[in-house]
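Going letter by letter, the first sequence gives residues 1 to 820 in the UniProt record's numbering.
There could be a bad hint or two in this list.
[Stated by the list, open to error] Taking lysine to any residue pairs in the SDA-like style, the calculated list, with each CA pair at most 20 Å apart, reads: (1) LYS290 - VAL272; (2) LYS290 - VAL301; (3) LYS220 - MET185; (4) LYS98 - ASP76; (5) LYS186 - ASP216; (6) LYS464 - LEU501; (7) LYS571 - PRO584; (8) LYS97 - LEU79.
If you're looking for bench data, these hints aren't it; they were derived computationally from the structure. These numbers come from a predicted model, not from an experiment.
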Amino acid sequence: MFIALVSLDKNTVQWTLQYLSREHNFTQLELESQVPKERGGQRFDTHTQMIEYATQHWQSNLVTTSLHSCTCSDVDTFLRRPFTLLVALESSIENIKKSLTQQLPPSTPALDLAAFLRWFDGAYRAQRDTLSRAQLNIYNGHETEDAFVDVLREANIVDEQRIRPSWDTYFMELADLASQRSNCMKRRVGAVLTQDKRVVSTGYNGTPKGLLNCADGGCKRCNSGVEMGFAECLCLHAEENALLEAGRGRIGECAVLYCNTCPCLGCAVKIVQTGISQVVYNHGYRVDQKTLELFRNAGVVLRHTPMKRRAPSDKSTTDEECDDSDEIAQNQDQDDNSSQATLSESDLAPAEGGGDHSGSGIKSSTIKTASIPLNSPSLNQLATSLGLLITHSDIDVNDVIVKSECLPNKHKQQHAHPSVCHHWLRDSAAAGRILPIALYVLDDYNPNNSEDGSDDLPPNPQSKNACFRIHPLNSPNEHLVHALRILKQDRVARDERWNALAYSRAAAMVKSFPHRIRSKDDIRLQLSYDSNDTVHTKNIGEKKIRAKIEEYLNYGRISEAETIQNSPSHKLYNALCSIQGIGPRRAYELSRTGASSLGELVERGSITQEDVTLAQHLELGIPRTEVSSIAGVVMENARTLLPHPTHAICGGYRRGKSESNDIDILITHHGYTLQQMNEFLANLARRLQDMGFLTKLMRQLSLSDGHSDKHDYQSTLLGVVASSSKYGTTDSAQVTFRRVDIIVCHPHSFHLEVLAWTGSVMYERDLRAFVKRRNLKLNASSVYNEHTNNEVDLSGIRSERHLLAFLHLPWIAPENRNCD
DNA sequence: AAATAT
DNA sequence: TATTTGC
DNA sequence: GTTTTGC
DNA sequence: AAAACA
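Throw the hints in and build the complete structure from the sequences for me.
Okay, structure coming up:
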């Protein structure tokens, strides 16, 4: 690339030149007449010669300062070339004056203000034209070179995007341009519909053809100051216009709709219906979450692309909020490349909530995320290679942890709290990359009133760990997930534990995909918003599971899974596994004894009919209403033994399943010891058994015989209850046996227990794997430091959400923890 | 981790 | 000592 | 090529 | 079976 620097401040120019040559290996090209000979670099007699030279060597990094004094046509010649960038270095008046003073020979008398102003006026007038055409403005308000170099790094001058925009940026700018034609009084919105990287149609919002334009009073709703509903609005949305303009016939398989504002729900349903496969937006809108959910269910990919290039008019605003009125959720709108050195919260938080003080959700906490290049070898290595170490005054390093898949093991102990350079974070956040690594900084977290589901952290869709991803109940890739699970079961049966784990992980990864996977590229899309990035999905290896998935994409099935599923021994195996007391090992052996059915095994005496019948009962799903009514019976009895207990129904019920496999009830009580809770559980068990509700205890509850003061009680009760829609009648035909787990715990560990008993397995597993990186061991009832063996005091934890924040984990709503 | 089966 | 069980 | 993969 | 590590 060929950069021309224009500025009134010679010092700033000099610092920039040194920075470019030092950190980006730039060569300086200058006119013979203008620059003192002792400086390095190439010399030319005319601009034309210089540009010719640059054209031949356009792939190297070249810079010149000799454009400031040239004519308009010279600047035009320069800008016409596709590898050039005009950078205006603005500077404080103070700096400019200092530069000028330093240039004057020592003998000259001190520069008075009037003389300086005269000089400034002339110099500014001469450069105004050129300055105004700059594609990038960088402002130097600093006195020292070091401080300004920080600004330069943040500005990321060498960003190729500025010279040649990516497809996303290209179409998004077209959408922005379309929005300029908007005639709606409420908001400018533009959309561009593309197919195979070609524009199919464009649209902007406003009243329909033939009606008075909204801006001329055509729409009462938009023009009146009073709040009126959408129903009275006559304006067509930009997305609708783009779709109408294209017509259904021209919307094919891979159509992508670029919207400068995230579509509203009304548009979203139309987008789904027209078969558009991807929607890319720039600005957030108030219904982002709902739109996302809708698209997720419909298999439409929704991506966010913060604009890397800005329209010239926006360029100079730095720290000002792009206040787009109250309606826009302040999303990642701040992507201004030429801003101050201060790291504002919005810079670090590409998703909603984060650091803004919008009043909803968490007030006193800031959770910041930032990204690191996908291919970064390791955090410290990269930081070191850039010579950037690494703290930022706004961030207390001890509060920063980097959830790094990339940190090698040996670094774990040395750098339990690695910190990162803020330039790097800023650049990545500004580039809107999707993140292999997220950084969360937690100030005082106040979880009060945060149980309302207003999520603060963006999940990380491509994290290796399930506890950072979203796993909704229903995946658009349910068939693929199912096939992978069959393979997993098979590996479990063969006692290939780790292979089974690998399939579980792959299935969870697929399950977390927000869109239907149709091709190999769809798997990549999940990884990176920049389609040039060919990074593969975590947990899906190159060799085996990827091949299986590709087979599925090509033929709609995985032959091995099909074979397994159809084999009679597998069916028997599955049936055996569902019997209480028979696990994978024994089930595998029994299924290979030549028996063809459970009945046959009963006849042989290998299993009892009783067990089989019970298994059949327990296999039936339990509707939510029945789960809560059974929990109601349990709690009703609990209250007679324990005044005002605290309880939670966990398991699949809490994860939102419409039918649960069992009922998990967690009970605690403030001020009670664990021992007291355990005694209570024993009493509760007895009571429930006596009344005939609890018909079978699957784990024996040992009761204290008085003389032993050891822990003779257990905290968990696994049992079977007889449930019927009209409980209490003697009509046994209506009774279905249900599995119920009752767990009691110490009040301090209640939220940890809730977390543990809510699952899913994969979520728990990765949760523990993650906290282990910080030498924390986590189980259902306690957290302790592996090295010091000190238990972490959880008595101050006020909610599950608070606990997750405390563990530096993002809040994933229980409904999105369905990883298995 | 803890109970249960071998 | 091996297996099963829970999330 | 070896080790780790949840408690 | 996959990823991290040696």
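Quick rundown of the hints versus the structure:
{"no.": "1", "hint": "LYS290 - VAL272", "verdict": "holds, 14 Å"}
{"no.": "2", "hint": "LYS290 - VAL301", "verdict": "holds, 14 Å"}
{"no.": "3", "hint": "LYS220 - MET185", "verdict": "holds, 10 Å"}
{"no.": "4", "hint": "LYS98 - ASP76", "verdict": "violated, 31 Å"}
{"no.": "5", "hint": "LYS186 - ASP216", "verdict": "holds, 13 Å"}
{"no.": "6", "hint": "LYS464 - LEU501", "verdict": "holds, 13 Å"}
{"no.": "7", "hint": "LYS571 - PRO584", "verdict": "holds, 13 Å"}
{"no.": "8", "hint": "LYS97 - LEU79", "verdict": "violated, 30 Å"}
Hints 4 and 8, counting from the list given before, are not met by this structure.
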